[in-house]
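**Student:** Listed below, chain by chain, are the residues.
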Amino acid sequence: MKLFKNMDKTTRSNLITYTMVIVAFLVMQGLGAIGGLSSSMKGQLVPITTYICLAISLNLVVGISGELSLGHAGFMSVGAFTSVVAVSMLQGMVGSPLVRFFLGCAIAGLAAACAGVLIGIPVMRLQGDYLAIVTLAFGEIIKNLLNNLWLGLDSNGLHVSMSNAAALGLEQGGKILINGPQGASGIERISNFTLGFVLVLFTLFVVFNLVNSRSGRAIMAVRDNRIAAESVGISTTKYRLMAFVVSAGLAGMAGALYAMNFNSIVPSKFDFNNSINILVFVVLGGMGNIRGGIISATLLTVLPEKLRFLGNFRMLIYAVVLILVMLVSNNRQLNNAFDMLKEKILRRRGDDDDDETPAQTAEGGAA
Amino acid sequence: MAREEGTYKAQSAAAGGGSPRKKPQAEQKGSKLVPLPTDSLIPERDAGQTILECRHLGIDFGGLHAVEDFNFMVGKTEIAGLIGPNGAGKTTVFNLLTKVYQPTRGAIILDGIDTANMTTPQVCQAGIARTFQNIRLFDSLTVEDNVKIGLHNQVECGMWSGIFRMPKYWLAEKEFHDRALELLDVFNMADQAGAIAGSLPYGAQRRLEIVRALATSPKLLLLDEPAAGMNPSETAELMENIRKIRDEFQIAIMLIEHDMDLVMGICEGIAVLNFGKIIAKGTPSDIQSNPQVIEAYLGTQDEEAK
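Going down the list, the protein sequences come from chains U and C. The first sequence maps to residues 1 to 367 in the numbering used here. The second sequence maps to residues 368 to 673 in the numbering used here.
Derived by calculation from the structure, the hints in this document are not laboratory data. The structure presented is a predicted model; accordingly, all values stated were derived computationally and were not measured. Positions of the beta carbon are idealized from the N, C-alpha and C atoms, including for glycine. Accuracy of the hints is not assured; some may be wrong.
As the list claims (entries may be wrong) - Calculated pairs, DSSO-like style, for lysine-lysine (alpha carbon to alpha carbon, straight line, at most 27 Å):
1) U/K306 / U/K269
2) U/K238 / U/K42
3) C/K535 / U/K238
4) C/K644 / C/K586
5) U/K238 / C/K443
6) C/K586 / C/K443
7) U/K306 / U/K42
8) C/K535 / U/K9
9) C/K586 / U/K238
10) U/K344 / U/K9
11) U/K306 / U/K9
12) C/K541 / U/K9
Unchecked claim - Computed spacing ranges between beta-carbons, pair by pair:
13) C/Q489 / U/G174: 53 to 63 Å
14) U/Q127 / C/V522: 27 to 37 Å
15) U/L26 / C/F531: 20 to 30 Å
16) U/N331 / C/I563: 18 to 28 Å
Stated by the list, open to error - Just so you have them, the derived chain U footprint on chain C, three or more residues with Cβ under 8 Å:
17) 503-512
18) 532-546
With the hints as constraints, model all of the structure from the sequences given.
**Tutor:** Following this line, the structure appears as C-alpha cells:
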C-alpha cells in the first residue's frame with residue numbers, strides 16, 4: 001500500500017486502469033462459469049473488448065494527439081479483412097489456432113498501420129476540420145474498395161479481382177475468401193473473450209507506455225501548442241503521424257479480433273456510423289481519458305442490447321440517454337456539487353477518526 | 368525613459384557567482400567592447416566571435432516591407448536588445464530568425480552556418496531557442512514535462528524502446544528527470560516540478576518558458592518581452608537571472624523589451640527598430656542620446672520645441 005502511495009500520479013492511474021480491466025474480466029469469467037450470463041451477453045463479450053480496443057486506440061489520436069479522425073472504422077476493416085485472408089492462408093501451415101490468431105492479429109495490425117502511413121502522409125498536411133473530412137473520406141473509400149474486391153485462394157495461391165467472383169478463375173475446390181459486397185464468410189471463429197482481454201491489455205500497454213515516453217510527450221506537446229513544440233525542435237509532422245499510425249495499427253488488430261468472432265463479416269458494417277460510434281465512446285469517456293473511454297465503450301455497447309425490449313423506440317431512447325449523459329457530465333454546477341459531496345464524505349471520515357479518540361480515552365478513564 | 372545613466376556594465380568575473388547579487392548599477396567599468404569593422408554598429412563583447420549575423424534581412428507581407436535591410440550581429444556571450452515602438456517589426460525579426468517566416472531577402476548566419484531553407488525545428492537544433500510574447504507553454508502538462516519536452520533533442524530514445532520499456536528507456540527517463548530538475552533549479556522552480564504548467568502564476572509561466580528554451584541547449588536565446596506583466600521587483604529579479612543564465616551557460620541572449628530600465632540595465636548592444644528598419648545601433652548610452660531614437664519614441668524635436 002505504501003508503495004502504491006509513493007508512485008507518481010500517472011503510474012498510479014495507469015495501474016488502476018489495468019486493475020479495473022483485469023477485475024472486470026475475472027468477474028465476467030466467474031459469471032460465465034456459474035451460468036450467470038445470458039446468451040446475448042455472452043455474444044457481446046468479444047465485440048465489447050473490440051470496441052474497448054478501438055476506443056483506446058482512437059483516444060491516442062483524438063485525446064493525446066488532438067486530431068479529429070472520422071475514419072477509424074476504415075482501419076478496423078482493413079485489419080478485419082486482412083486477418084481473415086491471413087488466417088485462411090496460414091490454416092495449412094500453422095496448426096495451433098492460438099498461434100494463428102496472434103499471427104493474424106499481427107499481420108492485420110501491420111496492414112492497418114501501412115494504410116495509416118499511406119493516408120497519414122497526405123492527411124498530416126492538414127489540420128482540424130480538414131483533417132477530419134479527409135479521414136472520413138478515407139473510411140468511405142476503404143468501404144467501397146472492399147465492396148468491389150473479390151479474393152480467392154486455391155492451390156495456385158491468391159487470386160484477386162475487382163469485377164466479380166467468376167473473374168477469379170479459381171480451380172475446383174478453391175475457396176472464395178472475400179466475396180465483394182457479401183464480404184467474407186466461413187471465417188474460422190478463433191476469437192474468444194480471453195483473447196479479447198489479452199488484446200485490450202496489449203492495447204493499453206502500448207498506449208500508456210507510448211504516452212509516458214519521450215515520443216508521447218512530443219505528441220502531447222504538438223497537441224498543446226504546435227508553434228512552441230516546433231520552437232523546441234520537435235517535428236510536428238513526425239509525431240502526429242506516429243500517433244496516427246500506431247492508432248491505426250491497434251485498430252487493425254481490434255478489427256482482426258472482431259472478424260474472427262463471426263462466421264461472416266460484410267464491408268458495410270465498417271461504415272461512417274461505426275466510426276462515429278467509436279468517436280462517441282472517446283468523447284463520452286473524456287478525450288485523453290483512457291479509463292473513461294473503456295467504461296463508456298462497455299456501457300454504450302451493452303446499452304442498445306439492453307434496450308431491445310423497447311422495440312422500435314430503442315435507438316431513440318439510446319440517443320436520449322446519450323444526450324443526457326453528455327449534458328450531465330459537462331455541467332459545471334453538477335460537477336462542483338459532486339466534488340463538494342466527495343469532500344464532505346472524506347471530511348466526515350476524518351471526523352469519525354477524531355471522534356473515536358476522545359471516546360476511547362473516556363472509556364479508559366472510566367475503567 | 369532611460370534615466371539611469373551608465374547602467375550598462377561589461378561582464379566582470381564576479382558575475383559568475385550565481386547567487387542573486389545587488390550591485391550598484393552606477394559603477395561603470397572601462398568597456399571591453401570593440402566596434403567591429405563591419406556594417407554593424409553594435410559593439411561586440413568579444414570581438415571577432417559572432418554567434419549570429421543577419422545580412423540585409425528582409426520580409427514582405429504583400430506590398431508591405433515588414434522588415435527591411437536588417438543588419439545585425441550578436442557576440443558569443445552578448446546580451447543584445449531589440450527595441451522600438453509597437454508594430455516596428457521586432458517580433459517579426461524573431462520569427463524570421465526562428466523560421467516561423469521564411470525571409471524574403473537576406474541571410475541569417477548562426478555560428479558560421481547559413482540557416483537558409485531550414486525549418487523551425489532545424490533552427491532550434493542548430494542553436495536558436497526562444498520564448499514568446501504571449502506565453503506558449505504546454506498548458507495541460509506538468510512543469511517537469513514541459514522542460515523534458517525542451518530536452519527532446521538532447522536525449523535519445525526511440526518509439527519502440529519507449530513502448531516496450533527497453534533498458535534504454537529507463538536510462539533516458541532518468542537523464543530526462545535529472546536534467547529537467549537541474550534546469551528548473553536555475554530559477555528555483557524544482558519544487559513546482561509536479562504542478563500543471565497552465566495553473567502557474569504569470570511570472571512563473573514566463574520563467575518556465577525560459578527554462579524550457581534553455582533545455583534545448585541553445586547558443587542564442589531569444590526572449591520576447593520577458594518582463595511583460597511583471598512588477599518592478601520581479602523585473603529586477605529577472606535581470607539578475609538573465610545575467611546569471613548568460614554567465615552560467617555561456618550563451619548569447621537577444622531580447623525584445625519595452626521596459627527601458629531592463630533594456631538599459633543589462634543590454635550591451637542595442638538596436639532600435641522603427642517601421643521595419645534599424646534606425647540606431649550602439650551601446651545603451653549611445654541609444655539614450657540618439658536624437659532619431661527620441662524622435663521615434665516621442666515625436667519630432669520641432670513639435671516639442673513649439
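**Student:** Does each hint hold? Answer for all of them.
**Tutor:** Outcome of the hint check:
{"no.": "1", "hint": "U/K306 / U/K269", "in the structure": "holds, 21 Å"}
{"no.": "2", "hint": "U/K238 / U/K42", "in the structure": "violated, 42 Å"}
{"no.": "3", "hint": "C/K535 / U/K238", "in the structure": "holds, 21 Å"}
{"no.": "4", "hint": "C/K644 / C/K586", "in the structure": "holds, 25 Å"}
{"no.": "5", "hint": "U/K238 / C/K443", "in the structure": "violated, 33 Å"}
{"no.": "6", "hint": "C/K586 / C/K443", "in the structure": "holds, 8 Å"}
{"no.": "7", "hint": "U/K306 / U/K42", "in the structure": "holds, 13 Å"}
{"no.": "8", "hint": "C/K535 / U/K9", "in the structure": "holds, 23 Å"}
{"no.": "9", "hint": "C/K586 / U/K238", "in the structure": "holds, 25 Å"}
{"no.": "10", "hint": "U/K344 / U/K9", "in the structure": "holds, 23 Å"}
{"no.": "11", "hint": "U/K306 / U/K9", "in the structure": "violated, 36 Å"}
{"no.": "12", "hint": "C/K541 / U/K9", "in the structure": "holds, 17 Å"}
{"no.": "13", "hint": "C/Q489 / U/G174: 53 to 63 Å", "in the structure": "holds, 55 Å"}
{"no.": "14", "hint": "U/Q127 / C/V522: 27 to 37 Å", "in the structure": "holds, 28 Å"}
{"no.": "15", "hint": "U/L26 / C/F531: 20 to 30 Å", "in the structure": "holds, 26 Å"}
{"no.": "16", "hint": "U/N331 / C/I563: 18 to 28 Å", "in the structure": "holds, 23 Å"}
{"no.": "17", "hint": "503-512", "in the structure": "holds (count 7)"}
{"no.": "18", "hint": "532-546", "in the structure": "holds (count 5)"}
Checked against the numbered hints above, the structure violates hints 2, 5 and 11; every other hint is satisfied.
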